[in-house]
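J.: Here the numbering used here is used: the first residue of the sequence shown is 1, the next is one more, and so on.
In short, the hints are calculated from the structure, not lab data.
Just so you know, even glycine gets a beta-carbon here, dropped at the ideal spot from N, CA and C.
Where hints are given, some of them may not hold.
[To be verified] Pairwise CB distance ranges (calculated):
1) Ser-212 to Ala-43: 46 to 54 Å
2) Ser-201 to Pro-126: 42 to 50 Å
3) Ala-306 to Ser-4: 45 to 53 Å
4) Asp-113 to Ala-74: 28 to 36 Å
5) Pro-126 to Arg-23: 31 to 39 Å
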Amino acid sequence: MSTSNVLVCDRDGDAWARVVRRRRPDLDLRVRTPSAITSEDLAWADTLVGFAAGVDLSRSSIRWVHSTGAGVDALIAPGWPPHVQLTRSPGSLGDRIAEYCLAQALAHTQRLDDFRREQAGRHWSPHRPRTLSGTTIVAVGTGTIGCAIAGRFEALGCTTVGVSRRGRPTPPFSAVHASDALGTLVDTADWLVLAAPLTASTQGLVDDAILSRCRGTYLINVARSGLIDDQALRKALGSGKVTGASLDVFDDEPLPETSVWWDTPGVRITPHIAGVTVVEEATAAFLEELERRDTNRPPRWPVNPAAGY
Numbered sequence: 001m002s003t004s005n006v007l008v009c010d011r012d013g014d015a016w017a018r019v020v021r022r023r024r025p026d027l028d029l030r031v032r033t034p035s036a037i038t039s040e041d042l043a044w045a046d047t048l049v050g051f052a053a054g055v056d057l058s059r060s061s062i063r064w065v066h067s068t069g070a071g072v073d074a075l076i077a078p079g080w081p082p083h084v085q086l087t088r089s090p091g092s093l094g095d096r097i098a099e100y101c102l103a104q105a106l107a108h109t110q111r112l113d114d115f116r117r118e119q120a121g122r123h124w125s126p127h128r129p130r131t132l133s134g135t136t137i138v139a140v141g142t143g144t145i146g147c148a149i150a151g152r153f154e155a156l157g158c159t160t161v162g163v164s165r166r167g168r169p170t171p172p173f174s175a176v177h178a179s180d181a182l183g184t185l186v187d188t189a190d191w192l193v194l195a196a197p198l199t200a201s202t203q204g205l206v207d208d209a210i211l212s213r214c215r216g217t218y219l220i221n222v223a224r225s226g227l228i229d230d231q232a233l234r235k236a237l238g239s240g241k242v243t244g245a246s247l248d249v250f251d252d253e254p255l256p257e258t259s260v261w262w263d264t265p266g267v268r269i270t271p272h273i274a275g276v277t278v279v280e281e282a283t284a285a286f287l288e289e290l291e292r293r294d295t296n297r298p299p300r301w302p303v304n305p306a307a308g309y
């Protein structure tokens with residue numbers, strides 16, 4: 001499986017290409033933004049690297065696509081030609097996203113938002129912080145990222161419950177249940193963390209039926225906004241069923257100034273930075289996969305387009 005013409009479509013494409021050229025000067029690389037990709041580029045390339053959502057691979061010479069991030073839903077949305085292999089670059093995304101989730105949880109238990117408001121008003125109000133130890137986290141998604149999240153919370157004395165499609169036991173989770181148990185699990189969840197891929201089965205998974213069963217749960221979404229029914233979440237925030245939410249992903253990014261989320265009480269917004277791709281890690285993963293292809297070995301980080309992950 002020879003690779004020679006690589007089309008790089010990434011926001012750090014130039015830096016990415018510099019690293020790869022040093023390691024593999026035999027490769028011919030072209031760097032493009034998604035909107036600048038031409039039919040000639042697609043006819044020339046045998047490999048595509050990056051986030052080129054919406055590209056019609058069926059009318060190209062591309063035989064391998066390597067995603068520089070963990071999520072691939074935007075890539076496979078239009079359908080996926082069976083002859084094109086798909087791989088990804090997990091790197092340390094799990095660790096970084098887990099630290100983000102832990103930071104959001106600690107900010108909530110330590111009431112940092114409250115203290116910041118008090119500081120702005122020059123008020124000395126000794127609100128009582130809470131502790132993470134003894135609380136329960138329900139994480140939707142038990143892959144690399146979900147496991148990293150569970151490990152961080154478990155280390156601080158939390159009970160970690162995972163939710164996956166099949167509900168198979170997965171360390172370090174204390175227990176793992178199938179997706180249809182989510183409604184029961186949120187009854188006792190202090191934290192509901194979304195870390196699953198966006199697929200047909202997870203689209204709108206966290207809806208009013210789920211959120212109405214929460215009892216003061218704090219929600220953290222580091223997956224895709226499509227997992228949540230936005231209207232149901234705002235309703236749950238208003239009623240107190242959900243006491244707060246840290247949202248790192250949205251349908252429209254950058255988030256428009258007119259979005260209601262900016263002014264929704266209890267919501268902490270971050271601009272899709274929980275799992276920022278590191279160029280060095282992404283290139284290392286690509287080069288390892290390339291070496292495996294060159295030596296006819298199976299990929300280390302394959303993606304099943306039909307399953308969505």
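J.: A separate judgement is required for each hint: does it hold in the structure or not?
T.: Do the hints match the structure? See the list:
1. A hinted range of 46 to 54 Å holds for the C-beta pair Ser-212 and Ala-43, which are about 52 Å apart.
2. Checking the proposed 42 to 50 Å range against Ser-201 and Pro-126 shows it holds: the Cβ atoms sit about 46 Å from each other.
3. In this structure the hint that Ala-306 and Ser-4 lie 45 to 53 Å apart at CB is violated, the actual value being about 28 Å.
4. Against the hinted window of 28 to 36 Å, the Cβ-Cβ separation of Asp-113 and Ala-74 comes to about 32 Å, which satisfies the hint.
5. Checking the proposed 31 to 39 Å range against Pro-126 and Arg-23 shows it is violated: the Cβ atoms sit about 56 Å from each other.
Violation of the numbered hints given earlier is confined to hints 3 and 5; the remaining hints are satisfied by the structure.
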